[in-house]
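Listed here are the chains, written in short residue letters.
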Amino acid sequence: MDSSSCSTNPVGQFLSPKNNTLLSTHRPIVSRKTQVSDHYNTNDASPHETTFMNRNNQDYSVNRPHLLPAQSQQGIAEDWASQFSSMQIKDPLEFSQEYKRLYSSYESSQPQRQVPPMSMNVAHQPLPQPSMFVPSPLRQQRNGDGMDIDSYFDLQFQSVEKELEIENNANAGTARNDNVLDEEQLQLQKTARDIVESCSTPSSISSNSSVNAKFAESKFIGLMRKISDGVVTLKKINGDKNVDQSQQAPSVGNNEFYSTVDESVVGTPFYPVDDTVHM
Amino acid sequence: MLKYHMQGFSGYNVQYSPYFDNKLAVASASNYGLVGNGRLSILDIAPNGQLIETKSFLTQDCLFDIAWNEQHEKQVVVAQGDGSLRLFDIDLAKYPIAIFNEHKKEVMSCNWNLINKTMFTSSSWDGTVKIWSPTRKESLLTLRPTPKWKKHLDSMEPIIPKRRNNIQIQPSHKINMPNNNNNKDCIYQSQFSPHDPNLLICCSGDSYTTIFDLRDPYNTQRNFLSHAGMEVLSADFNKYRPNVLATAGVDNSIRIWDFRMLVARDAAICINEIVNAHDLAVRKVVWSPHHSDILLSTSYDMSCKIWNDLSYDPIQQRKTGKTNSLDFTGNGCRFIMNQHTEFVFGADWSMWGQPGYVASTGWDGNVFIWNGLRG
Numbered sequence: 001m002d003s004s005s006c007s008t009n010p011v012g013q014f015l016s017p018k019n020n021t022l023l024s025t026h027r028p029i030v031s032r033k034t035q036v037s038d039h040y041n042t043n044d045a046s047p048h049e050t051t052f053m054n055r056n057n058q059d060y061s062v063n064r065p066h067l068l069p070a071q072s073q074q075g076i077a078e079d080w081a082s083q084f085s086s087m088q089i090k091d092p093l094e095f096s097q098e099y100k101r102l103y104s105s106y107e108s109s110q111p112q113r114q115v116p117p118m119s120m121n122v123a124h125q126p127l128p129q130p131s132m133f134v135p136s137p138l139r140q141q142r143n144g145d146g147m148d149i150d151s152y153f154d155l156q157f158q159s160v161e162k163e164l165e166i167e168n169n170a171n172a173g174t175a176r177n178d179n180v181l182d183e184e185q186l187q188l189q190k191t192a193r194d195i196v197e198s199c200s201t202p203s204s205i206s207s208n209s210s211v212n213a214k215f216a217e218s219k220f221i222g223l224m225r226k227i228s229d230g231v232v233t234l235k236k237i238n239g240d241k242n243v244d245q246s247q248q249a250p251s252v253g254n255n256e257f258y259s260t261v262d263e264s265v266v267g268t269p270f271y272p273v274d275d276t277v278h279m
Numbered sequence: 001m002l003k004y005h006m007q008g009f010s011g012y013n014v015q016y017s018p019y020f021d022n023k024l025a026v027a028s029a030s031n032y033g034l035v036g037n038g039r040l041s042i043l044d045i046a047p048n049g050q051l052i053e054t055k056s057f058l059t060q061d062c063l064f065d066i067a068w069n070e071q072h073e074k075q076v077v078v079a080q081g082d083g084s085l086r087l088f089d090i091d092l093a094k095y096p097i098a099i100f101n102e103h104k105k106e107v108m109s110c111n112w113n114l115i116n117k118t119m120f121t122s123s124s125w126d127g128t129v130k131i132w133s134p135t136r137k138e139s140l141l142t143l144r145p146t147p148k149w150k151k152h153l154d155s156m157e158p159i160i161p162k163r164r165n166n167i168q169i170q171p172s173h174k175i176n177m178p179n180n181n182n183n184k185d186c187i188y189q190s191q192f193s194p195h196d197p198n199l200l201i202c203c204s205g206d207s208y209t210t211i212f213d214l215r216d217p218y219n220t221q222r223n224f225l226s227h228a229g230m231e232v233l234s235a236d237f238n239k240y241r242p243n244v245l246a247t248a249g250v251d252n253s254i255r256i257w258d259f260r261m262l263v264a265r266d267a268a269i270c271i272n273e274i275v276n277a278h279d280l281a282v283r284k285v286v287w288s289p290h291h292s293d294i295l296l297s298t299s300y301d302m303s304c305k306i307w308n309d310l311s312y313d314p315i316q317q318r319k320t321g322k323t324n325s326l327d328f329t330g331n332g333c334r335f336i337m338n339q340h341t342e343f344v345f346g347a348d349w350s351m352w353g354q355p356g357y358v359a360s361t362g363w364d365g366n367v368f369i370w371n372g373l374r375g
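Listed in order, the protein sequences are those of chains E and Z. Here the first sequence is numbered in full-length UniProt numbering, starting from 1 and rising by one per residue. Here the second sequence is numbered in full-length UniProt numbering, starting from 1 and rising by one per residue.
Hints should not be assumed to be uniformly reliable.
Computed spacing ranges between beta-carbons, pair by pair [what the hints assert, rightly or not]:
no.	chain 1	residue 1	chain 2	residue 2	range
1	E	159	Z	338	51 to 61 Å
2	E	219	Z	58	14 to 24 Å
3	E	269	Z	142	34 to 44 Å
4	Z	58	E	216	31 to 41 Å
5	E	210	Z	99	41 to 51 Å
6	Z	228	E	166	44 to 54 Å
7	Z	54	E	222	29 to 39 Å
BS3-like cross-link-like pairs, simulated, lysine-lysine; straight-line CA separation at most 27 Å [claimed, not checked]:
no.	chain 1	residue 1	chain 2	residue 2
8	Z	137	Z	74
9	Z	104	E	236
10	E	190	Z	184
11	E	235	Z	104
12	E	226	E	190
13	Z	105	E	235
14	E	236	Z	105
15	E	190	Z	104
16	Z	105	E	190
17	Z	3	E	214
18	E	219	E	236
19	Z	137	Z	104
20	Z	3	E	219
21	Z	3	Z	74
22	Z	74	Z	117
Derived by calculation from the structure, the hints in this document are not laboratory data. Ideal Cβ positions, reconstructed from N, Cα and C, are used throughout, including at glycine.
Excised from the complex, chain E in its bound form (with noise of 0.2 Å):
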């Protein structure tokens, strides 16, 4: 059974090495917004912070093309070159020297928060914030993919409910990679919880017996119970179902209780005896 999937902390297969490229891949996007919005949290804001501001949307307004090549059908045969040599020459979308230095002078008068670049290149991003901890997909969503976000954390809630089940069944000793339990062994399941019933309601022992008093403490019908509920069952030839049972050594046979949860070794270890005589 893969083992990312007997996990049920959402966190841990979120860090997990499987999923750390997604983090990597996704990561830049949200931090930046998040750490965007966190710069532009006005609440106190510096006067330089705000002239700041005011001269940026004014610079970068006017500094913007008015035109795109692709909108502008009319007059695109004669003026073609003259803008593509003006964009080779002259990028529009450069910030002018006003604003790199509002901008500089804004950056050091902010000397303890980190300050995200402008740039798009993911290498240069921060490291990682604690709010960023959060789903992968959750993250995807959360940028504009278009799915709802309830119907995100129901899909969520499912499946961690799936996984908090499947846990429970380990648990249980129900299910296991290799516990589906043969012939033999309900068998003795069934027999163990028959004797559970049976002594937990004696019909011929009154009442006020002592040996209801001692079926409470007995060793033994806790075991039975224990094979009766999965959690103790026999153990099994090599665990081999395809190993002919008559041609193992008579050491290996089903000679040990064992525990379907840690399978360690249940009541009385098999110690096998040879079978010589004293001549």
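Chain E is already provided as a structure; the job is to place chain Z on it using the hints.
For chain Z alone, kept in the frame of chain E given last:
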């Protein structure tokens, strides 16, 4: 009361040595006899009153019964779960001196002939009783009880009522059997008569008790339904009255029979019946070696009890009535031993010293020695 605990093993039977007054042998099994090893333990009663294990033998499979060799003071035969009987010499180490391997399934009991001491018997889940000599690997005789229903209704399943409190545990190799009703073939005990070397009784899961006479060349047998369809788990000859035996079954009762009254086979009438002798099935019944009217019983209700057989007065030698299991103040139940904490399987009277000493063992791994006739 003396106590010895066998760590990790459950006691199935205990027997005093016929040669040494301070020596006992105990047959035990790991994991309550369901799976795993068996162990033969030799216990000595030390002068200071402690029980000490002086020797032990680990076996490949669980041990269900034990019998001292009446001809040799150092030899013990054990009944093993793999269908074999093994003869051990307690002066040797680790391995047996002989293996008798003919039974097809678990050997549930073994018993040495007290008169013809060259023979012992065994009974098995395979539905057979065998007679053995310690000097031969092959059995001398194989007997198969065939009560009336088996002869005429061989192809039909018998109607054996189920009890909710029937907690008879199938040994290790039985738990994979598809039909639980096949306990009817199991012969839980076979035993020689202490009065006649050729007389043998056995009791089985089909509720029948069978008497064999080995002198009969046709193996004629007498069967009688002893516990109304319930399994008969134990039977024993009275040591003083040659025609009297006691049986115990999963109907919680003990019944006492006289051979001479077994005229109508299936309608046999017992001479005494201890109804509800225990709260659960009675696993073993043993007549006292010192008294003709006292017997011992062990049970799944985790207790041992000493009973007076009120159907017989040893002084006036006449019938006096039925034993009342509820009459604790009178002469019905004389003593209750409640120290065991799991099912009590085996017990034996001591022939040594003051009458009344009993050794008992059970699934709690304890061996107790106590006096059942005190007071």
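Here's how the hints hold up against the structure:
1. Checked against the hint of 51 to 61 Å, the pair residue 159 of chain E and residue 338 of chain Z passes, with Cβ atoms roughly 56 Å apart.
2. With their beta carbons about 22 Å apart, residue 219 of chain E and residue 58 of chain Z fall inside the hinted range of 14 to 24 Å.
3. Taking the beta carbon of each, residue 269 of chain E and residue 142 of chain Z are about 36 Å apart, inside 34 to 44 Å as hinted.
4. Against the hinted window of 31 to 41 Å, the Cβ-Cβ separation of residue 58 of chain Z and residue 216 of chain E comes to about 33 Å, which satisfies the hint.
5. Hint check: residue 210 of chain E to residue 99 of chain Z, Cβ distance near 42 Å, so the stated range 41 to 51 Å holds.
6. Taking the beta carbon of each, residue 228 of chain Z and residue 166 of chain E are about 51 Å apart, inside 44 to 54 Å as hinted.
7. For residue 54 of chain Z and residue 222 of chain E, the Cβ-Cβ distance of about 32 Å falls inside the hinted range of 29 to 39 Å, so the restraint holds.
8. The suggested pairing of residue 137 of chain Z with residue 74 of chain Z holds, with an alpha-carbon distance near 19 Å, which does not exceed 27 Å.
9. Distance check on the hinted pair: residue 104 of chain Z and residue 236 of chain E sit about 23 Å apart at the alpha-carbon level, within 27 Å; holds.
10. Proposed proximity of residue 190 of chain E and residue 184 of chain Z is supported: the alpha carbons are some 20 Å apart, at most 27 Å.
11. For a cut-off of 27 Å, the pair hint linking residue 235 of chain E to residue 104 of chain Z stands: about 23 Å separates their Cα positions.
12. Distance hint between residue 226 of chain E and residue 190 of chain E is fulfilled; the C-alpha atoms sit about 12 Å from each other, no more than 27 Å.
13. In summary, the hint linking residue 105 of chain Z to residue 235 of chain E is supported, as the alpha carbons are separated by about 21 Å, within the 27 Å threshold.
14. Taken as a hint, the residue 236 of chain E and residue 105 of chain Z pair is honoured in the structure, with Cα atoms around 21 Å apart against an allowance of 27 Å.
15. Annotation: proposed proximity of residue 190 of chain E to residue 104 of chain Z holds, straight-line Cα distance about 25 Å (limit 27 Å).
16. Of the pairs offered as hints, the one joining residue 105 of chain Z and residue 190 of chain E holds, with about 22 Å between alpha carbons and a cut-off of 27 Å not exceeded.
17. A C-alpha spacing of about 19 Å is found between residue 3 of chain Z and residue 214 of chain E, which places the hinted pair at or below 27 Å, so the restraint holds.
18. For the hint pairing residue 219 of chain E with residue 236 of chain E, the CA-to-CA distance comes to about 23 Å; that is within 27 Å, so the pair holds.
19. For the hint pairing residue 137 of chain Z with residue 104 of chain Z, the CA-to-CA distance comes to about 15 Å; that is within 27 Å, so the pair holds.
20. Under the criterion of a C-alpha separation no larger than 27 Å, the hint pairing residue 3 of chain Z with residue 219 of chain E is consistent with the structure, at around 19 Å.
21. A hinted pair counts as satisfied when its Cα atoms are at most 27 Å apart, and residue 3 of chain Z with residue 74 of chain Z qualifies at roughly 23 Å.
22. Restraint check for residue 74 of chain Z and residue 117 of chain Z: satisfied, since their Cα atoms lie roughly 14 Å apart, inside the 27 Å limit.
Hint violations for this structure: none, all hints satisfied.
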